[in-house]
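J.: Residue-level listing of the chains:
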Amino acid sequence: MKAAPFEYVRATTLAEVFQLWREAGPEARLLAGGQSLMPALAFRLSEPSVLIDISRVADLTGISVENGALRIGALTTHAELGAHALVREHAPLLGEAAPLIAHPAIRNRGTLGGSLAYADPAAELPACCLALGATIVARSATGERRIAADAFFVGLYATALAENELIAAVEFPRRQAGERSTILELARRSGDYAMAGIVARATVAGQSLADPRLVLFGVGEVPVLARAAMAALAGRPADAANIAAAQAALAQELEPPADLNGGADMKRHLAQVLLARAIQRLIGGGEARAQ
Amino acid sequence: MSREVQVTFEVNGEPVSRRVEARQHLIDFLRLELGLTGSHTGCEHGVCGACTVRVDGRIVRGCLVLAASLEGAKVETIEGLSDANEIRDLQDAFIARNACQCGYCTPGMLLTAAALLDSKPQPTRAEIREYLAGNYCRCTGYHAIVDAVEATAAARARQPKQD
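The listed protein sequences derive, respectively, from chains H and W.
Read the first sequence against this note's numbering and you will find it ends at 291, with the numbers running on by one and no gaps.
Read the second sequence against this note's numbering and you will find it ends at 454, with the numbers running on by one and no gaps.
Don't read these hints as lab results, they were simulated from the structure.
Predicted model only: the values in this text are computed from it and were never measured.
There is no bait here: all hints are sound.
Which chain H residues face chain W? A few, computed with CB under 7 Å, are given here:
#, residue
1, MET1
2, PRO5
3, PHE6
4, VAL9
5, GLN35
6, PRO39
7, ALA42
8, VAL50
9, ASP53
10, HIS103
11, ALA105
12, ASN108
13, SER190
14, GLY191
Every residue, glycine too, gets a C-beta built ideally from N, C-alpha and C.
Work out the full structure, taking the sequences as your base and the hints as a guide.
T.: Next comes the structure, spelled out in structure tokens:
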């Protein structure tokens, strides 16, 4: 359980990051909060030649409202996401998701950018980004590129980031009037990776859901946008018949790989249960999270 | 870039300067370099919580932090908290409730419980269980630990801590 030897270097500016990255070659990895990378190093699933510590790069920090969007720096920790007033106001889903991510000691160091770049299919924040229609702001030595969350998660632990490109920030559309969102997951131990989870977002008018977005996590190689289930609910009253129709559609469109928790059928079942609970929560008030 | 890094930070109020292997995590550093064996090496991949220590006032998994990355940081371990009498009441409650048993998880439990009581002085039993969910105990079944934390919170509410 000891990491293989590697070299370590700390960068304090973005220019320094890109220069060191180029010099260090393709076997180098970036170290932000380290809460996914350090276990991978301990298991020797990852054996980088060099770790470039970016955790003190000021350009990757900060939470602000810019050009109508909530911009969150990549180094923002899960604990900060859960406590920040601007997040609570403009993207309360992220504040609701934060306490579900691992445990307090890990939330104090794990980062938003790190979670997205690692792209674990059972992680909460990639699913939140997809549900909210976030934009990932990527930086490289040659400039900035903006990638829609829909196009960012391309495979198991794989993202649209190019070589020597990092996440600088993530931009979230500000919550609109009538918009509600929630996140639910089922895990064997609170804080563990979910066996299955759901993020639901919709504009709610009475008992009806307009423009619903449903993202399942822990049930595929990437967070899954449940288009058929969304279509079954869009513009309709969220009554028992329509929820049942959405559950049936969801079971059809999911192809969950079996894992240590169980097989595809169990995961489909959990996803259907979560879908019904999430819709009930949306029409009952959204972020009000049962403690 | 180097496989060895010169690093200076504070441990329990004392400045420490060492040349460390880049790959060495904080718990190996504390135990092997400084002889501070109160922080325990458990799973070494962030699951068990036995290595919980404070960095810059916040609890972290010591096995998921590189010593080399801590330049200028303030690290506090169970030895520091004990010597400062910061959590004497919590430690006494663990003893009174037999919440230690083998003791392997205890330092991590104490650091985590202390963080909970700092952020939420009067937690419910469910909140105590939720906050401690990342710290494994293989002896107690957790009941005695939750009792000890609950009893400490109740005692502090009756008699505010003296500074």
